[in-house]
Amino acid sequence: MAALSINNVYKTYANGTDVLKGIDIAIEDGQFLILVGPSGCGKSTLLNMIAGLDDITSGDIEIGGKRVNDLSPKDRDIAMVFQSYALYPSMTVRQNISFGLEIRKVAQAEIDATVNRVAEMLQITHLLDRKPGQMSGGQRQRVAMGRALARNPSIFLFDEPLSNLDAKLRVEMRTEIKLMHQRLKSTIVYVTHDQIEAMTLGDKIAVMKDGIVQQFGSPQDIYDNPANLFVASFIGSPSMNFIPATVIQTGSDIGVKICDDNGCVVLPLPHDKTKLAQFVGQEVIFGIRPEQITDARTAHREGLPVMSCHIDVIEPTGPDTLVFVSLNNTKVCCRTHPTEAKRPGQSMELVFDVSKAVLFDPKTEARIV
Amino acid sequence: MFKNLTVGRALVYAALLLMAIYYLLPLYVMLTTSFKSLDDIRAGNMLSLPQAWQGGAWVKAWAEACTGVECNGMQGFFWNSIKMTLPAVAISTILGAVNGYVVSMWRFRGSDALFTMLLVGCFIPFQVVLLPMAQVLGMLGIANTTTGLVLVHVVYGTAFTTLFFRNFYITVPDELVKAARIDGAGFWTIFLRILLPISGPIFVVCIIWQFTQIWNDFLFGVVFASGEAQPITVALNNLVNTSTGVKEYNVDMAAAIIAALPTLFVYMVAGRYFVRGLTAGAVKG
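Taken in sequence, the protein lines are chains A and B. First residue of the first sequence: 2, per my numbering; consecutive thereafter. First residue of the second sequence: 5, per my numbering; consecutive thereafter.
Next comes chain A alone, as it looks inside the complex (with noise of 0.2 Å):
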């Protein structure tokens, strides 16, 4: 196990294309670090020049202290586990297991014993003879992990591993590499584009975009706290509200003015009033998560602003059931309590929970409250 640093790395291409521009990220000893971005985004470059597949334009990396640069990908201690599984056709899942021990000139008696502990944790023993043309999806993907571990290096490196799985599988899988990460203390870099494993897996995330850590934080803080817009509507599931309004000041009170057909609202922010003070007047993104705009009886919560809105279109997801309604001429999205939603074409009394709301400049799409 070991630390991992990443500082001010660039990669640009033969023909001139900068695809990392600049990536600074450090991880503790044990820490699972989640790259998570839209394809094209350079993660997937970043983690090849991890292990060394890729080299380094300029700046440097370094496991457990040590610059690794110029080290070729077997003597950096890394394993990898790729999308496609990479598992090698014509070796049988033990020879797959057991080869790269067998390159580094490991005892026969370590090969055997290694390979029966990490198919026994793996629970893959039963195919231990069978070649990777006659085994599933999940199994080949087992397997792999099974070749990693075997290594016992001191990073993990995933490449987007679980995307080749049916959903249920997919699941499945999440939750035993987040065992596997508990119990094994494990540095682990992994990619992935899909935001729900990102969030679940991460003790840190590097939300990447245009070869650029957009931001870099615990998955609850770029929940909470995004850096930007890009980063809100990246992560969560449904996308955060982005609403265009009007920073308005009534008495002591500054908020967003919000129209819908039945008429208009302010909603006072709680912000910070000088930081607010500076955009009275002006156009702003409101940005607010489903969750926060909610039926009286989930927010429970005394003196929110309530506003009835007409409903659009709703979609029940089944312990939710998510209400759409046009505010500012945008469609919102808003998450309530399935009994509570009302019709479409009715109107409904609908909470909006102000605390965590985030405002964007709508030019430079970066955070500005």
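Hints should not be assumed to be uniformly reliable.
[Claimed, not checked] With the Cβ distance kept under 7 Å, some of the chain B side facing chain A (calculated, not the full set):
| hint | residue |
| --- | --- |
| 1 | M50 |
| 2 | E179 |
| 3 | A189 |
| 4 | P201 |
| 5 | P205 |
Since the hints were derived computationally from the structure, they do not count as laboratory data. Bear in mind the structure is a predicted one, so any value in this text is a computation, not a measurement. We put the CB at the ideal spot given by N, CA and C, even for glycine.
Once you have looked at the hints, place chain B on chain A.
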């Protein structure tokens, strides 16, 4: 099988049957003629069976027929061809495998350009290289030798074998190589332990292709090797063209079949792998 026999299908079968006869008829004529006596050939119909089956023409073609001044039949030249074809096929296939591995899995600056240049090698007509190649063989001191012919065929064949292997390895996910690198395997270990074991189909394609190309080659053989070292294709030509009075069609036919036997054999043994290898797509696993 006749349950689904429609008019359209019957026509297809008829056409196929016609084609098969068209292709098999020359072989039939060659075989029957080779077992006829000369009188039989002169007297009878080309398509008729021999009146008396006799193998004398085969013995003569193998051991006694004249190919120019020498009259030792095809046997020596048959072995010449074997000595030329086996090493040339083996070397060019192995080179092609390594080349294909490098240009598909170990891209380096200029590797695409290198591959393109190799590819161009497939389109160079034989005649263009004759003179420079003769010069090179002369400088190396291996003109008119089987070794020289092996070199020519290796040089010429490597372009094709590289193309075959490259196109096969390009379908293998490169994550496989990445995984092996992380596991600590080097260039040769990855090639020998990961890629070679799944390369069976493409080896078969490559070997059949190279074997038939090299065995059947006449031009290089006639230009770069003569007399003792000439391959069987050249010897066959000489045998047919050497007339000592009577034209012995039965001996000619037997000699031609002897010259064609190895390629027929290779097709029969490995033919079904050939089709399988040509259509082999991504390696699942």
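A quick look at each hint next to the structure:
Among the interface hints, the one on M50 (chain B) is violated; its C-beta lies about 53 Å from the nearest C-beta in chain A, farther than the 7 Å criterion. Interface hint status for E179 (chain B): upheld, as the beta-carbon distance to the closest one in chain A is roughly 4 Å, under 7 Å. Because the closest C-beta pair between A189 (chain B) and chain A is about 5 Å apart, less than 7 Å, the hint holds. Given the 7 Å rule on beta carbons, the hint for P201 (chain B) holds: about 3 Å separates it from the nearest Cβ of chain A.
At about 13 Å, the closest approach between the beta carbon of P205 (chain B) and any beta carbon in chain A exceeds 7 Å, and the interface hint on this residue is violated.
Hints 1, 5 from the list above are not met by this structure, while the remaining hints are.
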